[in-house]
Every structure is written in structure tokens, then in C-alpha cells.
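Participant: Listed here are the chains, written in short residue letters.
There are 4 protein chains.
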Amino acid sequence: MLYFSCDYAEGCHPKVLEALTRTNMVSTPGYGEDRYCESAKEKIRESINCPEADIYFLVGGTQTNQTVIDSMLSNYDGVVAAATGHVAVHEAGAIEYSGHKVITVPGHAGKIDPRELRQMLVDHYADESSEHMVNPGMVYISYPTEYGTLYSKEELEAIGAICNEYNIPLFIDGARLAYGLAAADDLTLEDIAKLADVFYIGGTKVGALFGEAVVFTKNNTPKHMITQIKQHGALLAKGRLLGVQFDALFTDNLYMEMGKHAVSCANTIRKELVNKGYQIYMENPTNQIFVVMENDKLDTLSKEVLYGFWEKYDDTHTVIRIATSWATTEASVEALKKIL
Amino acid sequence: MLYFSCDYAEGCHPKVLEALTRTNMVSTPGYGEDRYCESAKEKIRESINCPEADIYFLVGGTQTNQTVIDSMLSNYDGVVAAATGHVAVHEAGAIEYSGHKVITVPGHAGKIDPRELRQMLVDHYADESSEHMVNPGMVYISYPTEYGTLYSKEELEAIGAICNEYNIPLFIDGARLAYGLAAADDLTLEDIAKLADVFYIGGTKVGALFGEAVVFTKNNTPKHMITQIKQHGALLAKGRLLGVQFDALFTDNLYMEMGKHAVSCANTIRKELVNKGYQIYMENPTNQIFVVMENDKLDTLSKEVLYGFWEKYDDTHTVIRIATSWATTEASVEALKKIL
Amino acid sequence: MLYFSCDYAEGCHPKVLEALTRTNMVSTPGYGEDRYCESAKEKIRESINCPEADIYFLVGGTQTNQTVIDSMLSNYDGVVAAATGHVAVHEAGAIEYSGHKVITVPGHAGKIDPRELRQMLVDHYADESSEHMVNPGMVYISYPTEYGTLYSKEELEAIGAICNEYNIPLFIDGARLAYGLAAADDLTLEDIAKLADVFYIGGTKVGALFGEAVVFTKNNTPKHMITQIKQHGALLAKGRLLGVQFDALFTDNLYMEMGKHAVSCANTIRKELVNKGYQIYMENPTNQIFVVMENDKLDTLSKEVLYGFWEKYDDTHTVIRIATSWATTEASVEALKKIL
Amino acid sequence: MLYFSCDYAEGCHPKVLEALTRTNMVSTPGYGEDRYCESAKEKIRESINCPEADIYFLVGGTQTNQTVIDSMLSNYDGVVAAATGHVAVHEAGAIEYSGHKVITVPGHAGKIDPRELRQMLVDHYADESSEHMVNPGMVYISYPTEYGTLYSKEELEAIGAICNEYNIPLFIDGARLAYGLAAADDLTLEDIAKLADVFYIGGTKVGALFGEAVVFTKNNTPKHMITQIKQHGALLAKGRLLGVQFDALFTDNLYMEMGKHAVSCANTIRKELVNKGYQIYMENPTNQIFVVMENDKLDTLSKEVLYGFWEKYDDTHTVIRIATSWATTEASVEALKKIL
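Residue numbers (this note's numbering), protein chains in the order written: chain A, 469 to 808; chain B, 469 to 808; chain C, 469 to 808; chain D, 469 to 808.
Here chain A stands alone, though its shape is the one from the complex (with noise of 0.2 angstroms):
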């Protein structure tokens, strides 16, 4: 069977595996106070150039952004995101769970679009009865987008001058942020840095057996940090499985390779896809494939091929996803060619 279902259905990249088996039996102090982490956050610190910068490892995508967002957050903020965000959608609630609503803008291929963003602002603050509405307190978008999409750098800086211009976080979930540089034109991990508030560098689907990194960039670190992950039931007792992880992740650019690989491989599927007369759905230059199929054909391909239902698109026709990763293979590549 040919696995294209999702970018989490493996363990960690070898690499990865070799540090976690290389310092198992070390003893290190809890809580991610070890040598490990410090590695592993001096050579994000580096690859970013920011020194400054304040790193902190979860252990998943909805507590990162659950934690982030609610340590960022006064009690009557809300944060700001497209109706399509992850945070919006798909993390049964775990923003609203914390107190804080999730103000929705449209999403547009899952981007959020700086005119209506500034719009929104510019009605916010206008309403004579905004003290009685939730304030917005912090523009969350994700990089790729759920659909695989890029913001360019102009629309990132275009939402971040908004953002200071109103004096709010610009947070970036970066759970596929390898996968979304490796496909820019533009922009770079440093750039992302430089542009966000806060954002976090996703380890669970790009080569970690799980793991995020947040890094706040502007000496913006809320107070009591660690007390707050604890708090959120985020904080991993044995630590420095994230530091070892990411260190690995960090070193001879792992990270940045693994992402060029898996869209590499993406796009090898998409030339093939559109040579072969399919209609992709979604446009996206990342590791995520949206593509229409026709209902017979689904047939055959689900006797091979474990891939994404995405959703019905006409009565004999089904858009699916088809995702690649780190730990795609050239062979598995070129299985699913043959097959399509």
C-alpha cells in the first residue's frame, strides 16, 4: 500500500532516531533544563539570526497553539483568523476552551487578505459599541496555509504592518514550515522571524516523532512562561527528547532539506497529474496536493493508494489530497505515477 494520506504517518527521520537512540540512557535534568534543548535553541537562534530570540519546545500543534495564543492574549482579546484556520476549524474548540474567541475573517485558499484584515480592524474600532465586543488581540495565520498555500513575503509584510500599526501579535503556525520555504520564492526561515511576533517551527510533521518550537522574536516572551505551559498541560517532563529532536532537525539543515525533498516530490505528482489531464483543485506550491477524481477511478487507485478525502465535488467526482513528506520515498513516487 502507498501511503500519501497525511505528513504524520511515520516515525522520525533516521537522523532523528539516531540522536534520540545515541543519548537515551544520559541523564539530564527534567523539563527541558538540559544541554539538549540549549543546542537545539542556540542553533534555531542561529539559523534565524536572532539571537534575542526566546525558544520554547512543545509537544504538539493545537497545545502550541493553544499555549502561544493564550499566554499572548489578555482576558478580553480574541484572536483574529481566516473562517478557514486550523485554530477556527480544527482543534475541537481548544481556543474558546481558554477564553478566547476566535474572530474569523474569509479565508481565501486559507489566506487572510490584508484589506479585509485592515477592514475588519478599521470597523472593529469604529463601532460604537466595540467595548462590548471582543478586542482583537492577534492575527494568527499558518505558513503553508491549510491548503498548501504561501503567503509571499509582500502580503506577510503587508499583515505585519498592520499588526504594529495596531499594536498586535502577528502569530505564524509553521506546523509544515519546511514544507511551505522549500516551495517560496522569496522568503526564508530568517524572514519568517523577522516578520512574526511569534511562530512556531513544526517538528510532528516535518521529521520529528513530535514537537514544536516556538520562538518569540522581539523580547516578547509572556511572563511565568514555563508556569503557563504547565499550566496548559504542555510542559514535557523528559524535555530533552524535543532538544535532542530539534538539535538533529537544526544540524547540516535537516530541516530545510527534509521539506525540499517532500515538495520535490510533490511536484513530480502534480507534473505527472496534469500530464495525465486531472484538474487540480487547490493551487499550492507546498507538499499538499488537492486534486479531482473521478469516482471509478477512486476505486482502483484505494486498492493501492491510501490518500486523503478532501470532499465530494460532483456527483461522480471526489477532490482528494494527496500528501507527501520527509519520509516519501523516489519509489513510492514513482509507484503512485504508474498507478495514476
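It should be emphasised that the hints constitute simulated quantities derived from the structure, not laboratory data. A quick note: this is a predicted structure, and the numbers were derived from the prediction, not measured. Relax, there's no trap hidden among the hints.
Heads up, simulated PhoX-like pairs for lysine-lysine below, C-alpha to C-alpha not over 20 angstroms straight-line:
| id | chain 1 | residue 1 | chain 2 | residue 2 |
| --- | --- | --- | --- | --- |
| 1 | A | Lys686 | A | Lys511 |
| 2 | B | Lys728 | B | Lys483 |
| 3 | C | Lys691 | B | Lys691 |
| 4 | D | Lys765 | D | Lys805 |
| 5 | D | Lys691 | A | Lys691 |
| 6 | B | Lys765 | B | Lys805 |
Computed footprint of chain A on chain C; a stretch qualifies when at least three of its residues, placed anywhere within it, have a C-beta under 8 angstroms from a C-beta of chain A:
| id | stretch |
| --- | --- |
| 7 | 548–559 |
| 8 | 566–573 |
| 9 | 598–609 |
Backbone N, C-alpha and C define an ideal beta-carbon position, used for all residues, glycine too.
Please build the complex by placing chains B, C and D on the supplied structure of chain A, with the hints as guidance.
Facilitator: Same frame as chain A, but now just chains B, C and D:
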């Protein structure tokens, strides 16, 4: 340096690591819907002789306590715990963050006294103002306690009977369950499952990289449990990692064997301490030793041994904690004995 | 100055004030356990022909929405509301603060479309990821809506049937209930009680100093409701004040009479507006009139009339709200007519 | 029947009722943006000699405690209170519902001991695990306490100095403030305003229908306070009702006069009790008397007097509470004296 300061200082037991390595590149569905989780659950069900047990794997202890307590309580409920209980003291307010009060009763070497528990409940319901007070909606105990002490079977039965009488669930925090059961005269894992309405089998401190197995034993799983776990940021994307680990822990009795090993090491050290005339501060039969040390002696000890500072005893003495674990070697025990 | 800007600008109806004055120095138990509350409840039960109705008096609308919604939902639930609903927009995040998402469906002049509601529920449960999403656990509608519009009996029955089918309660926010019922062709208070699983009878905007009567109609009161009300800071010490007021409101049909009066005043104004060629912005039959005004005209109007700014219509026109209430006098209506 | 069971059994002082009646049909803006609120605030500012005081009117005590504490604390903070404090015991978990732990220190006749408070803080910050614990972020005391006792000025200064040293606000719950100040030797309302960072002046128990005036004294109002009040369901639509009442309470010294009256009545009763040889259970100088009664005597008393049951003393005696208030008449005091 000899490491005796805690029981979560290393990675995982070699057999667990072997299982993770062996399965690393296998593709599975996410969120715990994989064969490894199924297998691990089946082994746990067998080991507790409870075919109807419903099992969920979470990542860490505070997260587990928060999720279990919040999912089982109604809005108006609080959880009753010893004043020294982990949920009352060392979880950064994770329970209150989820909206629930920790109602404390005195801790006696970490343990709740069944008579005091009953009296608290009697007094609560007799109070004319009880509707203006938080309702006691669950009893939380840890086995072993934070002080390494154990409830006898009789004590647990007494607490369980009170819970039954008041129709509130008994939740047993088994973060160090193996270390408790290994030291217990009269209690088995099966007994724990019979006595508790919900309990968890701690992996983080007993041979896993991380992971706690929550067991609902009475067909009493809260509705939409997966949604609730997700909402608490506690649903691991690669849930299979928990399945693989618990599968290994419950193969060939590994979990219990590790418990025995740690307790045996602790007993060897205890004997040496007593022989050398040290004062045991808090008697307990499990893997944690609380001992009074002269400060001068500690200065020497510190050069070769990492131990846990517990509290000041008097101007010239200190209480320290020596913790053994599955990872403690006989060599290190011998080395420690020489230094003491 | 003529006051038409809102329906909560004065104190209370003279008969309510008389009742408060008459009972002022009577000593009663606190927290609503007094004879006035009992009497008011009994009168409400009679007026809805529902002897088993369980009734609680709260102070204000947002508080009532928060308390009812939070007490009826489970952790994993959100409340479905029109995107324009009060709970979605103008309660400062009170629902999210209590941990629950407001799941929005489109508002059509403030109303939910039963077909769109059904489709949303169908889609939710058909979604493979539904366990990662907030569960729709209640439907909230307002009658009349925030735009003064009314659901027909047929529409309410359709929504009620969907709620029954999905086994989720229907909650009707009746902040302006009297103004709705006075304008309804086909609907009575008894009908509201039959259709809703829980609803509230608004006092604040209809003749009381403050107060909303929450009615659970289906033997479905959440457990420990007094504790939950207290927990939300919503239990009035001198609960008798609510009983005295609602007793007066439900004596000699006062509540309904006030509704008729306000609607009659509104209709007189509406007629005048139409006669004079003004454009009604949002047609509705209740006590709120949304009308388009030339800005020049507004400049004049502002000198003699207080009205509500609603929104900019175009560069030379503005939408304003004219609200009548139980306190509107015929003299002020006549005066307004002359100015228009 | 003589009513001595609590101090919130009647409506409001005749002068307050007169003010409500006089202003009843005046139209004002909602939500406290009216001239009566402004006037009341100004009078309070004058009475505390603190022109920069920022004042908000809320409806009830638990609501006020919840809103003030939640708005002033950060996520990671808890509030320190006596174990017997209202927020710790009798608010149905309203503080925990808002996400914060009530950190208890021993209550001594309802009072915090400054030395124990300091020790708790010293111990907290000295604890190696303090980042895993709830941060003490505010000190809450009640004046008078739930037991009618009073802090001396010296004690309050000592607590205030500790709060300053640790940079945490001191919050004084003045639900019965007038009854405390009337009995104090050495403390004025102005002193309270100087000592507290935030306090509230209780109206519900001292002559108002309802209402508590929250006073921020140090230019320390939390941001978006109106939004936060709304979010807690605590923003009264007809806010003018609070303004009208507090304006009356702070006209011609009415608030303080009511305090003196109630204390004077209590002292008369106290003297009679002592003369007749009754045992005072908890000495205090304010409007609540805690006295030990023979059960036989109580049987007789119950026929003519409503008192508060406090607790069982022994098999033949009971502790009861006799509360006087602004509404207590000299006639009822004389009548009670005869019955005792």
C-alpha cells in the same frame, strides 16, 4: 556523577526503544487509530482482567490529570485531593485553569484519611450553604503518593466505598504505579482497576519516553472523549508512539519488572542508610527515599551524586530525596553505598 | 429631548415600582427563596400553561445567555447561532470565556434559516474530522432578533424539529419577548414555551428595572442550577427584587400590554415614515425601526431626538434605529411625527 | 417575627428608594454612562480624598470578586486568601471558574496573619518548583471579615507593605464596609483607599437594593475594563440604577450613618447577651454577633426570632448568628432583648 535525583532523567527502556526503532518507518493512521494502540490496549485489558476497560493514551501527567478531571466533572464540581496532592500543588493551576476547584483534605504522608474524607462529605451536604459551595465531584488520590507512601488495600476499599456511597468517581493517579505495586503486599494492578473508576498507568516515570494510559473501568468514559482530549491540546498526532511504547511495556511483564527493579535498588540503599545510622525522614516502601543528611555530609555527597533537595530540616541538616528508577544500575547503587 | 435611542433608558413601569415600594421593608430570605419569587414563578407557569416549568430569575441578558448556555452544554459542545446573534457579536466573548465556541450560521435579517441549520448539522456529522471539531450542542435564536424580525411559527417548528432530531436543546433569547409576541400573528407565549427547551422572558427591556426569567420547560434543568448561577456571579442576594418585579409584570397581563403599547407606538411612527417617503432599511414588525435618513435631515433631528446610530448607508445617508418601549408616550410619538 | 438572620433581608433605605422613584422616568444612556453614575463616582472620590480613583459599579459581591480578581490577575496567577475567605468557600468556585486558584493561608477569626502571609511568599519563591506552582498574584482580604472581625490599621499596613514588596495588589472586599468602619477605632474610608490597590464599597448589605462600587486607587485599572465586566455578565444595562443608589448612599453621609446604626444596635444586643450570661463565640465589634445558645432556649427563640444557624457547639448548645443592619429598628432590638 551518580544520578539519583528523579525517575525521569533518562530516555526509555531499551526494549521500548527497540520497539520504536523497529516500527519507525511503518506508516499508520494518526491520532491513535493504529494497530499498535489497539494491541497495547488489549494487553492492558488482559493485565487488569477487565475486557470492557476503555483506554486512552496521553502524553504527560499534568495533562492527564487535567483532561481526566475536567472531562469527568460537571461545571459545579471540584475534585477532592490531599493538600499535598500533585493536582493541588505542582500542576501550575492546571485544574483551576479548566474551571474546577481542588478541594483539599489533610494529607497524611501524602495520603487521604478515609474518615476525614467521609467527614468532609458529611459536613458539606449538611451545610445549609452547600449550594453556594463547590460540589465534591470526584476523589483524586495518587498511588504511590507524592511521598512514596502506599494506601493499603483496606484503605483503598474504604475510600472506594465512600465514593460509591456518594456516587462520585475515584480517580487514581498512577504516575509511578509500577513502583507502588512492586512494593505493595496486598495489591495488584487488577485490584487497582477494580477499585478505581478511572486510573492511569504512568509510563513517563516507568520506562517510556513519555505516555500515560488512562483506563476507564466502569463503562464510564465521558462522551466525545477524543474531542475532549483534543480540546485540551492532548491528542498526539502520531498516537502510535504511545501504542508502541505501552505495547512494549506490557509485553513479558516489563512494566512490573521495572517496578520491582527500582524498588529493589531503593531497598538496598535504604538498608545501607539505616545501617549507617541515617534518619529516614518519611518512611515509605517505594522508589523514593527521603533521608535527613548533615549539611557537611551533603557538601561531599554533592560532588559525586545528584539527589533531590527536599527541604531544610534544621540549621545543620537537610532532607534530601534519593530516587531510583528502571534505569538505576546495580553499579550505581554500589557506588552510592560507598559514598554514603 | 425625545428619547428613542433604546428600550432600556428609563427605570421601570410604575406598577413595578409600586410593587417594589410596597414590599421594600418586608424581610425575606435571600437568594430567591422568598414568597415573591414563588408567586412570580407560579404566575409565569400559568401564563405558559406549563405546570412543570422550572424558573430562575437572573439579572441581565448577557449573564443569562452565558449561564444558560454554559450550564446546558458539555465541555465539547458549542452553541449554534446566527452570525449576527447577540451571543456571537455583542457579549464581549462571554460565551467563549465560559469555554464554549459560538458556531455561526448565516443570519438573514437576524434569523437562522432552518435548511442551512440542518445542512450545517448534516455536514458536521458527515465530516471525517468531526471529532476534531466543536460539537454543535445547542441552537440559540433570539425572538425577536437583534434586527427586530420575527420567526414564523412554522420556522420555529422547523428549527425545533431539527433540534429534536439531533437531540440538542433549542434556546430562545427573549430579551424583547413582549415586543415580539405583540407583533406576531400566530404565536403566543405558550407556543414559545412549547417550542423551546429553554427560553427567557426579558424584563430589563420590558418594564422591569432589570431581570430575566429563565424557563426550563422540559424537566431539563441542569443539576445544581443554583450553584451554577452563583458560580457565574449571577445569584442576586436580594433575589426577591426579581420576584417582586416579575410578579408585577405577570399581574393583569402587564407584560403583554407593554409589548402591545410599544409596538403600537412603533407602527404609528412607521406609518408616518412611509407616508413621508422615508426608506425603511430593515422591515420588521416589532419595536425597533431601522430607517434611512439624509444626513442633512439628521443634523436637524439630532437637536430634538435621541436615536440610535446604526450604520452608514452612503455618503449622504445614514441608517438610524428608532426604538419605542413600554415607556414611550403618545405625546413623544406625536412630537416625533412632527419633526420627521 | 423578628428578623436578625442576615443583613440583606429588606429592600433599600428609604432615601435610596426615594432617589430611585424620583429618577424613575428620566431617560438616560445605558451601561453606566449617565449623569447619576458620574455624580456618585464624584462623591465617592471626594469621600476617599482620591481624585484619581477609577470607579465601576457592579451588581453583587461574588460577581465583583470574580470580575476584579480575574481582570487583575494574569493567567499564571492565583489569589491569596484566608482559608475562611468568601472567595475560598462560599462563591461556588466562581474564582476557579475564571481560571484562577485561591491560594489559602490560615484564617484567624477570618483574618490573615501578616507574618504567615510573608512566610508563604518567602517559601513560594524559595521553592525550586515555584515555576510549577500557581504564582501568588494578589492578596484578598475582607473588611470586616466573614466573622465580623476587623484588621487594625497596623495589620493592614503590614499586609500592604508585603504586597508592595512583592509587587502584588491588595484587594479589600468591603461587602460590609460601613459596618466595619463604624466599629473601627483607627481607620477611615480614606485609609482603606490608601491601603488597598483596589477595594469595593458594599451596597447590597448596606442600604442599597444591590450594588458594589469597585474603586481602583492607584491608576491601576485593568485595560478594557468595560469589556471585561461585560464578558463576566456583570454590566448592568440600566447602569444608572447603581449610580442613583450610590449617589444617595454618599449623600449626607448616609452610608456611614447606616453603619453606625447597625453597630449600635449590635452593641446593645451584645451587652444584653453578656449581662444575661451568654457566651459570645467569636468576639467582634461589628454588626454580626456569634453567640452560644442552649438548644432548649433556641426552641423558644425560634418561635419569635429569625437568626442564622452557624454551627453545632456541643450536644446541648448551638452557635447562632444575630445580624443587625441599616434596617434594624430600635423596637426590634428592644423586643429581642426581652426574649433573650
